[in-house]
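Q: With chain A's structure known, arrange chain B on it following the hints.
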Amino acid sequence: DAGVTQSPTHLIKTRGQHVTLRCSPISGHKSVSWYQQVLGQGPQFIFQYYEKEERGRGNFPDRFSARQFPNYSSELNVNALLLGDSALYLCASSTWGPTTGNEKLFFGSGTQLSVL
Amino acid sequence: KNQVEQSPQSLIILEGKNCTLQCNYTVSPFSNLRWYKQDTGRGPVSLTIMTFSENTKSNGRYTATLDADTKQSSLHITASQLSDSASYICVVSAWSNFGNEKLTFGTGTRLTIIP
Numbered sequence: 014d015a016g017v018t019q020s021p022t023h024l025i026k027t028r029g030q031h032v033t034l035r036c037s038p039i040s041g042h043k044s045v046s047w048y049q050q051v052l053g054q055g056p057q058f059i060f061q062y063y064e065k066e067e068r069g070r071g072n073f074p075d076r077f078s079a080r081q082f083p084n085y086s087s088e089l090n091v092n093a094l095l096l097g098d099s100a101l102y103l104c105a106s107s108t109w110g111p112t113t114g115n116e117k118l119f120f121g122s123g124t125q126l127s128v129l
Numbered sequence: 018k019n020q021v022e023q024s025p026q027s028l029i030i031l032e033g034k035n036c037t038l039q040c041n042y043t044v045s046p047f048s049n050l051r052w053y054k055q056d057t058g059r060g061p062v063s064l065t066i067m068t069f070s071e072n073t074k075s076n077g078r079y080t081a082t083l084d085a086d087t088k089q090s091s092l093h094i095t096a097s098q099l100s101d102s103a104s105y106i107c108v109v110s111a112w113s114n115f116g117n118e119k120l121t122f123g124t125g126t127r128l129t130i131i132p
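Residue numbers (our numbering), protein chains in the order written: chain A, 14 to 129; chain B, 18 to 132.
Next up, chain B with everything else stripped away, as it sits in the complex:
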């Protein structure tokens, strides 16, 4: 069964500090791994998409890493801002028998930035 596990479930840090969120997955056949940011009551917004051959990808202060051998990914946030307060969801894509991608979502890490 395809699964995506994220840790920690929640995290509180001071504004300006860095943090790292973790994602472990058991999904096959692997297509890509995505990180999304979801503000409360809104739809998720894509931060990064990484394929098997990509080890790292950045989007501003967000840097995602992927270790396809250990099936782990991390999302590092640098110099956090109050607007970074949100849920961060790890999503792993697998190829389905129909030739399309089946996405498995993690339950997310709830990040709170305090001034």
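Here chain A stands alone, though its shape is the one from the complex:
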């Protein structure tokens, strides 16, 4: 079975540009979460989506947005890129639902974004 897949694997952008990152969850997983990991730090939570609805949002500016599609894949969009947005962006899927807990997260390999 395929794991969580993210595309692209690497991306180079310049300040002010926008970027779209894509994630396909494991088959059967309805929850997708996005994380930003700056070099040397732990991942920081950005968004969680379940059944196409936003279920959680971290402390990120409105330049960051996301959505989930009917097939449960997801996109993370970042507008007006800043140098500080350079990071590894991780997507994770799980079988989480509103009545469950302790669900194991399965992470993709991430998209390495470099903003010049």
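Calculated from the structure, these hints are not laboratory results.
Model, not experiment: these values are computed from the prediction.
All residues carry an ideal CB built from backbone N, CA and C; glycine is no exception.
Check each hint, because a few of them may be wrong.
[Claimed, not checked] Pairs of lysine-lysine, DSS-like flavour, derived with a Cα cap of 27 Å: (1) K74(B) with K117(A); (2) K43(A) with K119(B); (3) K88(B) with K74(B); (4) K18(B) with K117(A); (5) K88(B) with K117(A); (6) K18(B) with K119(B); (7) K117(A) with K65(A); (8) K117(A) with K119(B).
[Unchecked claim] Pairwise CB distance ranges, derived in the manner of DEER restraints: (9) F82(A) with I131(B): 41 to 49 Å; (10) T22(A) with L28(B): 24 to 32 Å; (11) F69(B) with G53(A): 29 to 37 Å.
A: Just chain B now, with coordinates in the frame of chain A:
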């Protein structure tokens, strides 16, 4: 503010030796504590998940302990192998007002195994 602190920041040990990584947290209301292994440039991979009532959980050569009273956890690696070289991240889950879990990640311990 929910926080997860890990120590040491980095550790170098000889292949075959044991080691213990530490995690202290101030997260509430507590749901569970997780340990992840992250190879460089890859996504984290789950090692263990422990709830409030679990004191210890093993996954092969990895054994995690949890003391919910002192809010401390440890990850013990037995008979280390070169493939254990990675960052080990402690993650604590808290219940949010929306009924889902909010995860707080530590900054990780960078473990290097040398032959």
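Q: Could you tell me which of the numbered hints above are not met by this structure, giving the numbers in increasing order?
A: Hints that this structure does not satisfy do not exist here, as all of them hold.
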